[in-house]
Amino acid sequence: MITAGCDIGSLTAKAVILKDGKILASEVVLALAQPEKSATEVMARALEKAAIKIEDIAYCVGTGYGRKHIPFMHADESEIACHARGAVWQVPTARTVVDIGGQDAKAIRVDEKGNVERYVYNDKCASGTGRFLEIIADSLDIKLEDMGALSEKATEKLTLSNQCVVFAETEIVSLVNEGKEIADIISALHQAVANRAASLARGILVEPDAVMTGGVAKNSGMFSALERALGVKLHHVENPQINGALGAALFAADKINGSGK
Amino acid sequence: MFAAGCDVGSLTSKAVVMKDGKIIESVIIKSKARPWESADEVMNLVLSKAGLTMKDIQSCVGTGYGRDKISFINEAVSEIACHGKGARWLVPSVRTVIDIGGQDCKALRLDDKGNMVKFITNDKCASGTGRFLEVMAKVMHLNLDELGEMSARSRQPITFASACTVWAQADVIQHLNDKVPIEDIAAGVNNAMASRMSTLANNIGLEKDVCMTGGVAKNSGVVNALEKHLGIRIKRIRREDPQLAGAIGAALFAAEKVSGGAK
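Chains as they are written, first to last, in our numbering: chain A, 1 to 261; chain B, 1 to 263.
Worth flagging that the hints you see were computed from the coordinates, not collected in a lab. Here the structure is a predicted model, which is why all the values come from computation and not from measurement. For each residue, glycine too, the CB sits at the ideal point set by N, CA and C. Just to be clear, a hint being listed does not mean it is correct.
[Claimed, not checked] To be clear about the criterion: a stretch of chain B counts as covered by chain A if any three or more of its residues have a C-beta under 8 Å from a C-beta of chain A, and this derived list gives those stretches: (1) 119-126; (2) 165-178.
[Claimed, not checked] Residues of chain A clear of chain B, computed beta-carbon distances all greater than 12 Å: (3) E55; (4) E181; (5) F223.
Go ahead and model the full structure; you've got the sequences and the hints to work with.
Take a look at the structure:
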């Protein structure tokens, strides 16, 4: 039995194809202008990877901010529910999920079945989201995916005094002008983003085990900065960015199996 | 007796020379990278316009975020105190002052003698500060004055899902791409600004008369929108440029120093 999950985020679109409780294929693409196109594109690629056709998918669940526009899905599910479900599937002992996406951040407390107990969500302020990293990467002319490795070369501890992305951008320009090392600046940036996300997460009382999901979790500097900010050890998730799509695919499997497992 | 006030802000620096309670000369410049450079330049300009030299100034008070870096002042006084004092000189009946700076916004309440009763500031978030308008004007390729005038012609102002400058900027770009009339975007920007400012101002409780200081007070679109949000009339400052309020307050403090008492 094959099911699929499709997560249309603000920056990337993700698809996961699941067969009998195993990931058959997954794919991440940059989001296109229309969510419909992103969904079609990412699913086509995932199907190709799995060497199957869309007709082979018994059930597909959509999630993410663009979930209402996925043409081929059978049902949709909230991002919170999908992230909780995906995280507990990946790390069964997970009780807290901190997800940092391109334009939002969420912290979710889950039970052992992956049900959501409580959650907090920020999409009102860009600070503490992936957008903060993106804007600074852009203004420093470095690649988003290089930031983690760069920050590991930091030698001097710097602290950003501004939480606001707009003010921090100016502050970072001054730091560059003062001759500060880019590695040190990036490291300080990671800590600022992590501190903001951690203060959100503390709203639901972080309980171990904690996992970090979302594309930002692929950044090793952000991962360790969030550990420092939360004061707990974070568990590595093998596939942090496709976690939401994975959760959606698991919900799709439930539909077919007719149970809420 | 000449007294001077120098207000070094994040975006602009202001200097005022006063004599016997009257403004002799004033200057506003864009701030330089270093606050002391801004202070030196704006002070030299105001002195040369007034035909004076630093020796003629008996007392000078500095204010603004760069106040501790000004070399020539006799004393530094907080922005809150200077804005309160300056606003009261501009509008003697004022009880509530809303000041929008380049990177902050403040609201303060004064009693009938001009003493500070309560104040609140935001310098943590760019939303509701001059920076918000600056960012929006830049993506719209307008200058700040145009942004204010334009909103008067709007029929259907746009709205923003969130107050965050980063998200609002993305929304503005989207609206520009969708060919939404520029007046409607401008009006939406001014409304968003006013909405954020009114939240801050309502926190300290409004009392009449209300006035607005800082450069944004010259933006009629924001002032009109703020009046609607607050449901109260905002007394327009006509006596002088509202952007000078902090520097005027500083000069008044300087004059008091010399006369040795609160006049």
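Inset, instruction - Give me the numbers of the hints this structure contradicts, sorted from smallest to largest. - result: Those not satisfied: there are none.
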